[in-house]
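Trainee: So the chains spell out like this:
2 protein chains.
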Amino acid sequence: MERTNTVTLFETIATLLEKKRYSTLRDILTTMNPFDIAAAFEEIGSEKCALLFRLLPKELAADTFVEMDDDMQEMLIHGFSDTELKEIIDELYVDDAVDIIEEMPANVVKRILRQADPQTRKEINEILKYPEDSAGSIMTTECVILRPKMTVEEAIKRIRRTGIDKETIYTCYVADDLATLIGIITIKTLLLSEEDEILENIMETNVISVNTLDDQEEVAQMFNKYNFLALPVVDKENRIVGIVTVDDAIDVMEEEATEDIQKMAAITPTTDKPYDKVGVFETFLSRIPWLLILMISATFTGMIITGFEDALAGSLVLSSFIPMLMDTGGNSGSQASVTVIRALSLGEIAFKDIFKVIFKECRVSLLCGVTLAAANFAKIMLFDRLVLGNMSITVPVALVVCLTMIATIFIAKFVGCTLPMIANKLGFDPAVMASPFITTIVDAISLFIYFRIATSILNI
Amino acid sequence: MERTNTVTLFETIATLLEKKRYSTLRDILTTMNPFDIAAAFEEIGSEKCALLFRLLPKELAADTFVEMDDDMQEMLIHGFSDTELKEIIDELYVDDAVDIIEEMPANVVKRILRQADPQTRKEINEILKYPEDSAGSIMTTECVILRPKMTVEEAIKRIRRTGIDKETIYTCYVADDLATLIGIITIKTLLLSEEDEILENIMETNVISVNTLDDQEEVAQMFNKYNFLALPVVDKENRIVGIVTVDDAIDVMEEEATEDIQKMAAITPTTDKPYDKVGVFETFLSRIPWLLILMISATFTGMIITGFEDALAGSLVLSSFIPMLMDTGGNSGSQASVTVIRALSLGEIAFKDIFKVIFKECRVSLLCGVTLAAANFAKIMLFDRLVLGNMSITVPVALVVCLTMIATIFIAKFVGCTLPMIANKLGFDPAVMASPFITTIVDAISLFIYFRIATSILNI
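Protein sequence lines, in the order shown, are assigned to chains A and B.
Reading the first sequence from the start, the letters are residues 1 to 460 in the working numbering.
Reading the second sequence from the start, the letters are residues 1001 to 1460 in the working numbering.
In short, the hints are calculated from the structure, not lab data.
Please note that a few of the clues may not be correct.
Unchecked claim - Covered by chain B, per the in silico footprint, the following chain A stretches (three or more residues, Cβ under 8 Å): (1) 129-141; (2) 184-197; (3) 221-228; (4) 276-282; (5) 300-308; (6) 365-372; (7) 383-393.
Claimed, not checked - Partial chain A-side listing against chain B, Cβ under 8 Å, derived: (8) 35; (9) 160; (10) 163; (11) 164; (12) 169; (13) 247; (14) 288; (15) 289; (16) 312; (17) 327; (18) 338; (19) 348; (20) 349; (21) 353; (22) 354; (23) 358.
To be verified - Simulated crosslink set (EDC-like; lysine to aspartate or glutamate; CA at most 20 Å straight-line): (24) 225(A) to 1042(B); (25) 188(A) to 1165(B); (26) 1225(B) to 42(A); (27) 1277(B) to 348(A); (28) 1352(B) to 276(A); (29) 356(A) to 1276(B); (30) 157(A) to 1153(B); (31) 1188(B) to 1154(B); (32) 225(A) to 1254(B); (33) 352(A) to 1153(B); (34) 1188(B) to 217(A); (35) 188(A) to 1254(B); (36) 273(A) to 251(A); (37) 225(A) to 1153(B); (38) 277(A) to 126(A); (39) 188(A) to 1154(B).
Beta carbons are placed, not taken as given, at the ideal position from N, Cα and C, and that holds for glycine.
Same shape as in the complex, but just chain A (with noise of 0.2 Å):
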């Protein structure tokens, strides 16, 4: 089935919804990948999901269960009995159910805690314990863990035997007596090994893992340089306590680059739910702070102007090119300091980079400032003196302007390449020292600059 049909198929399912056409229904849904399902229910509003949802096996319900937003996650298990909810929470990966268990209101947790059997609840309390953003609090700890003295036979036996609860039975831990983490073997080196082999003998020795308390962006990043499909997480003994999955390293990557965009759009990231589903004042309170501050700071541009105000009655075309120089010193900064900080994030630069970065921005910012200042003077002399018909545009005028130019972008580039990398060192997000900060900046030193030149080119 080729995606593109989910979006029709909503019809149908709402059309034998109507009918009461059950068990095609049935049908239908079991052929339907759990994301779909979800979606489709989502199109087709909450009430008649409960009904929907009751039609699915319950592996596949428990696998929409988890894809579905919190709102109807929260409306259907308010609707559940409790053998209904204990059937879902059993067949649900534990950290699936941490997910959800994060979203819901205090007493609904309850209910669910309740129903989980007291291993599950046991597993899901240690890891609610772990905090935000860190490896412990997305592992799960369904892994298959082996024994070093095992031969490969006894080993395909026990993952045949406990295999169909784990997240992943691809890789594989092993681990001594007391827990610690001594080697990896994956599925394909079990299948490819003779029975009578010794997992010791063959497994991979040169274990990478992370600990519980490490930041989930460094997990993420983990997955990105060495291509794995699970990594090991353990405690400070080394003892194997869980496992992060690939898919939800993938979820880290969008939502932490999710948030970088963010940041450097001057939002501050409160919370990782989709466009649609974030109301209208919670937007508000995500921009305002923001807002607010960079208005406040721009305070300084408005004095500088306003120290310059004989300045600028002597020459009032100096103010025409204002907006020009502050959008494309703003501009300059951005783009040094949006690519300074996704290459921070990706690894790609250290702190220890800066003289190196300074020195490559300074001479970017020397080719681009002297194009523009040769590209502007040429416009200013030729379409708003000679087309437009400006006459107080004069030569003297246009050297201003092209000097300031090269100063500002100099600066831009300088300041907007310096600042992430110092926040990083600092232990601040750079994301934050992006494009809108920056720009404020820039704006300030840029003004004084272009009328300090001018003052002294123009003589006023």
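Once you've looked at the hints, dock chain B against the given chain A.
Mentor: The following block gives chain B in isolation, referenced to the frame of chain A:
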């Protein structure tokens, strides 16, 4: 081994290399991960690497080769004898071989293709034919294909026999005699099923696949949506021609996120090389086009200021608020545009939601506008007038500024959410419609409004 150790290892390796302790070096290298070995090689420098590289066992050598940057790859290839080159190529997965070939100069490509065995050469040429950024260009042809009538036992035997050369054995594909893809089956299902089960009875027939010509970004989004480890690629006749694995999808995601971020910051994405590998001139070329376009388009704002020169001469204090109004407008607009662009690229909204989006952004903009205007009025009257003692700031002037602010934010948010959606609808990349472009438009409109309100309220 923890990943943090790799940094200090570089020095040990360099010292051992000087002392010609090759067997110790080989022992160290074989415990390391290909990614870390490649990093060590880059640190140590190219001349010595040819020597180190020859110490690696064949398979590890190939895996390490893939992780290197193209300069080092090219350098090594030049040093290889034909036999050495052939050995490496035989070990490479076809998609990795293609990635390497795409970055090499023509004479090196010829040499590589000459050394590849005929089957590999055919597969490489096959993949090279697909357009850049298509599913075909990132797929590998090495996947496990099974027949519907096979038993589980036969299937596992076949995997054991042929699996060693396949990029993944975890998801296997069931195809009929015409190679038409009819089902998928995971190794987990195979291991957990009875040995005499027939594949067509247990395989998943609801197969989600992509076409060879589908955009790689779409492919990556499907991994994100459906949590796959691999995705089959089919031709127009639904015949399976290859698979895309999750590690390649992750690379695409990071690449696309970087590209979006660059476009949002008015950078032309020209390369997917990391920051420290891009030369000064290349960086200049990727940044200058938009700077030029945006500089020229700022002419409009200049013309508006010139047009209201008389008003400005009459109340010079107005000019000191221009930077603040422009910055706030720009920031508000980019908040909206960046949020909408990200939501579009994650598939959270589509063009059909445009009115919902506009309605939401309008309500958010009124909240933001009124809040900022109130804060600004207080700041102007208390700080600028009373503290700084600028008596030319009167209540009417403050009113003009604050009314303009509300209007500017409203327009900024409106333009900021509308333009990316329209661009998307018209088939352009919405990321180009981000901050800088929108800033220029909003600047011009808000300056015009500012002077219109000023001339009517202040009677100038």
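Trainee: Each of the hints needs a verdict: does it hold here or not?
Mentor: Results for each hint:
1. Look at the region 129-141 of chain A against chain B: 0 of its residues bring a Cβ nearer than 8 Å to a Cβ of that chain, fewer than three, so the hint is violated.
2. Proximity of the region 184-197 of chain A to chain B, defined as three or more residues with a beta carbon under 8 Å from a beta carbon of that chain, is established by the 4 residues found.
3. With 6 residues bearing a CB less than 8 Å from a CB of chain B, the region 221-228 of chain A meets the requirement of three and the coverage assertion stands.
4. Evaluation of the coverage hint for the region 276-282 of chain A: fulfilled, as 3 residues show C-beta separations to chain B shorter than 8 Å, against a requirement of three.
5. Against chain B, the region 300-308 of chain A contributes 5 residues with a C-beta closer than 8 Å to a partner C-beta. That satisfies the three-residue criterion, and the hint holds.
6. Counting residues of the region 365-372 of chain A whose CB lies closer than 8 Å to any CB of chain B gives 4, so the stated coverage by that chain holds, three being the minimum.
7. Check on the region 383-393 of chain A: 4 of its residues sit with their Cβ under 8 Å from a Cβ of chain B, so the three-residue criterion for coverage holds.
8. With a cut of 8 Å, the hint placing residue 35(A) at the interface with chain B holds, because the nearest CB-to-CB distance is about 5 Å.
9. The interface hint given for residue 160(A) holds, since its Cβ lies 6 Å from the closest Cβ of chain B, which is under the 8 Å cut-off.
10. With a cut of 8 Å, the hint placing residue 163(A) at the interface with chain B holds, because the nearest CB-to-CB distance is about 6 Å.
11. Contact between residue 164(A) and chain B, as hinted, is supported at the beta carbon level, the nearest pair being about 6 Å apart and thus within 8 Å.
12. Satisfaction of the interface hint for residue 169(A) is found here, the shortest Cβ-Cβ separation to chain B being roughly 5 Å, below the 8 Å cut-off.
13. For residue 247(A), the interface hint holds, the least distance from its beta-carbon to any beta-carbon of chain B being 4 Å, beneath 8 Å.
14. Interface hint at residue 288(A): satisfied, since its Cβ lies 6 Å from the closest Cβ of chain B, which is below the 8 Å cut-off.
15. Interface restraint check for residue 289(A): the shortest CB-CB distance to chain B comes to about 11 Å, outside 8 Å, so the restraint is violated.
16. Checking residue 312(A) against chain B by beta carbon gives a least distance of about 6 Å; that is within 8 Å, so the hint holds.
17. The beta carbon of residue 327(A) is positioned within 8 Å of a beta carbon in chain B (closest approach about 5 Å), and the interface hint is therefore held.
18. The beta carbon of residue 338(A) comes within 4 Å of a beta carbon in chain B, closer than 8 Å, and the hint placing it at the interface holds.
19. The beta carbon of residue 348(A) comes within 4 Å of a beta carbon in chain B, closer than 8 Å, and the hint placing it at the interface holds.
20. Evaluation of the residue 349(A) hint against chain B yields a held restraint, the C-beta minimum of about 6 Å falling below 8 Å.
21. The interface hint given for residue 353(A) is met, as the beta carbon of that residue sits about 7 Å from the closest beta carbon of chain B, less than 8 Å.
22. The closest approach between the C-beta of residue 354(A) and any C-beta of chain B is roughly 12 Å, which is over the 8 Å cut-off, so the hint fails.
23. With a cut of 8 Å, the hint placing residue 358(A) at the interface with chain B is violated, because the nearest CB-to-CB distance is about 12 Å.
24. With a C-alpha separation of about 15 Å, the suggested pairing of residue 225(A) with residue 1042(B) holds against the 20 Å cut-off.
25. Distance restraint check for residue 188(A) and residue 1165(B): the Cα-Cα separation of roughly 11 Å lies within the 20 Å cut-off, and the hinted pair is therefore satisfied.
26. A C-alpha spacing of about 15 Å is found between residue 1225(B) and residue 42(A), which places the hinted pair at or below 20 Å, so the restraint holds.
27. Straight-line distance between C-alpha atoms of residue 1277(B) and residue 348(A) comes to about 9 Å, which keeps the hinted pair within the 20 Å bound.
28. Taking the CA atoms of residue 1352(B) and residue 276(A), the gap is near 13 Å; set against the 20 Å cutoff, the hint holds.
29. With a C-alpha separation of about 9 Å, the suggested pair residue 356(A) and residue 1276(B) falls inside the 20 Å cut-off, and the hint holds.
30. Straight-line distance between C-alpha atoms of residue 157(A) and residue 1153(B) comes to about 15 Å, which keeps the hinted pair within the 20 Å bound.
31. For the proposed pair residue 1188(B) and residue 1154(B), the alpha carbon gap of about 15 Å is at most 20 Å, so the pair holds.
32. This hinted pair checks out: residue 225(A) and residue 1254(B) have alpha carbons roughly 11 Å apart, not beyond 20 Å.
33. Taken as a hint, the residue 352(A) and residue 1153(B) pair is broken in the structure, with Cα atoms around 56 Å apart against an allowance of 20 Å.
34. The suggested pairing of residue 1188(B) with residue 217(A) is violated, with an alpha-carbon distance near 29 Å, which exceeds 20 Å.
35. Under the criterion of a C-alpha separation no larger than 20 Å, the hint pairing residue 188(A) with residue 1254(B) is inconsistent with the structure, at around 28 Å.
36. Annotation: proposed proximity of residue 273(A) to residue 251(A) holds, straight-line Cα distance about 12 Å (limit 20 Å).
37. Restraint check for residue 225(A) and residue 1153(B): the C-alpha separation of about 36 Å exceeds 20 Å, so the hint is violated.
38. Between the alpha carbons of residue 277(A) and residue 126(A) the distance comes to roughly 30 Å, so the proposed pair goes past 20 Å and is violated.
39. Simply put, residue 188(A) and residue 1154(B) have alpha-carbon atoms about 16 Å apart, close enough for the 20 Å limit, and the pair holds.
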